[in-house]
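J.: The primary structure of each chain is shown beneath.
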Amino acid sequence: NAGVTQTPKFQVLKTGQSMTLQCAQDMNHNSMYWYRQDPGMGLRLIYYSASEGTTDKGEVPNGYNVSRLNKREFSLRLESAAPSQTSVYFCANWGQGPNYGYTFGSGTRLTVV
Amino acid sequence: DAKTTQPPSMDCAEGRAANLPCNHSTISGNEYVYWYRQIHSQGPQYIIHGLKNNETNEMASLIITEDRKSSTLILPHATLRDTAVYYCIVRAAGFSGGYNKLIFGAGTRLAVHP
Chain A
1 NAGVTQTPKF QVLKTGQSMT LQCAQDMNHN SMYWYRQDPG MGLRLIYYSA SEGTTDKGEV
61 PNGYNVSRLN KREFSLRLES AAPSQTSVYF CANWGQGPNY GYTFGSGTRL TVV
Chain B
1 DAKTTQPPSM DCAEGRAANL PCNHSTISGN EYVYWYRQIH SQGPQYIIHG LKNNETNEMA
61 SLIITEDRKS STLILPHATL RDTAVYYCIV RAAGFSGGYN KLIFGAGTRL AVHP
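Protein chains in written order, with the numbering used here: chain A, 1 to 113; chain B, 1 to 114.
Chain A extracted, bound-state conformation (with noise of 0.2 Å):
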């Protein structure tokens, strides 16, 4: 099915680790987004990326990285994760036409202890 792939599903970490996740899409958009979700809380935009090679900060984007290699792939990598990280995060797209709008992937939810 098409759609937008995040892995892992479920991470703990020690502070002070380094983690990278995966976002991957099989649906040829240009645009690319990672966000968080903290409990009872909307989502914050962390990053995204508006086309293969450029990326930009969103809301809440200190602690993180992004690298978007190619159209297909926007990786989300914490350097040095701190309690504060604990949350959910969600990777998405954004599609014209059929698929109007975002597309979430079903997000990766991390713990740092």
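Treat the hints with care, since some could be wrong.
For lysine-lysine, the following DSS-like pairs were computed, each having C-alpha atoms within a straight-line distance of at most 30 Å [to be verified]:
1. B/K69 x A/K71
2. A/K57 x A/K9
3. B/K52 x A/K71
Which residues of chain B face chain A? A few of them, derived with a C-beta cut under 7 Å, are [what the hints assert, rightly or not]:
4. C12
5. G29
6. G43
7. P44
8. F104
9. A106
Selected chain A positions facing chain B (in silico; Cβ < 10 Å) [stated by the list, open to error]:
10. M41
11. G53
12. F104
Hint data in this document are derived by calculation from the structure and do not stem from the laboratory. Since the structure is predicted, the reported quantities are computational estimates derived from the model, not experimental observations. Glycine included, every Cβ here is placed at the ideal spot set by N, Cα and C.
With chain A held as given, fit chain B onto it using these hints.
T.: Quick look at chain B alone, frame taken from chain A:
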């Protein structure tokens, strides 16, 4: 981008229409109203969007007031599976830089009960 105000929670009986209000009194002429929903811990799902005319699709109807300062999302026959958090978002068309950024607030938690 205009700010939106939604009630934090609502209840609806199964089979009845669910009417979810959204206030966006500072909306400007080129801003669209989008609705998304998030079921449990899944990623948000697109429902519908509109500029000034009422819109309907297979999921819902969107009613926008004539002055565009508020709107209502209508689920005509709510089912238990419609229990979710519903987000009303206002965003301008004509995005700069080729991106489409939506700001999600806290939304309305809709509980559909038997």
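J.: If you check each hint against the structure, which ones fail?
T.: The structure breaks hints 1, 3, 4, 5, 11; every other hint is satisfied.
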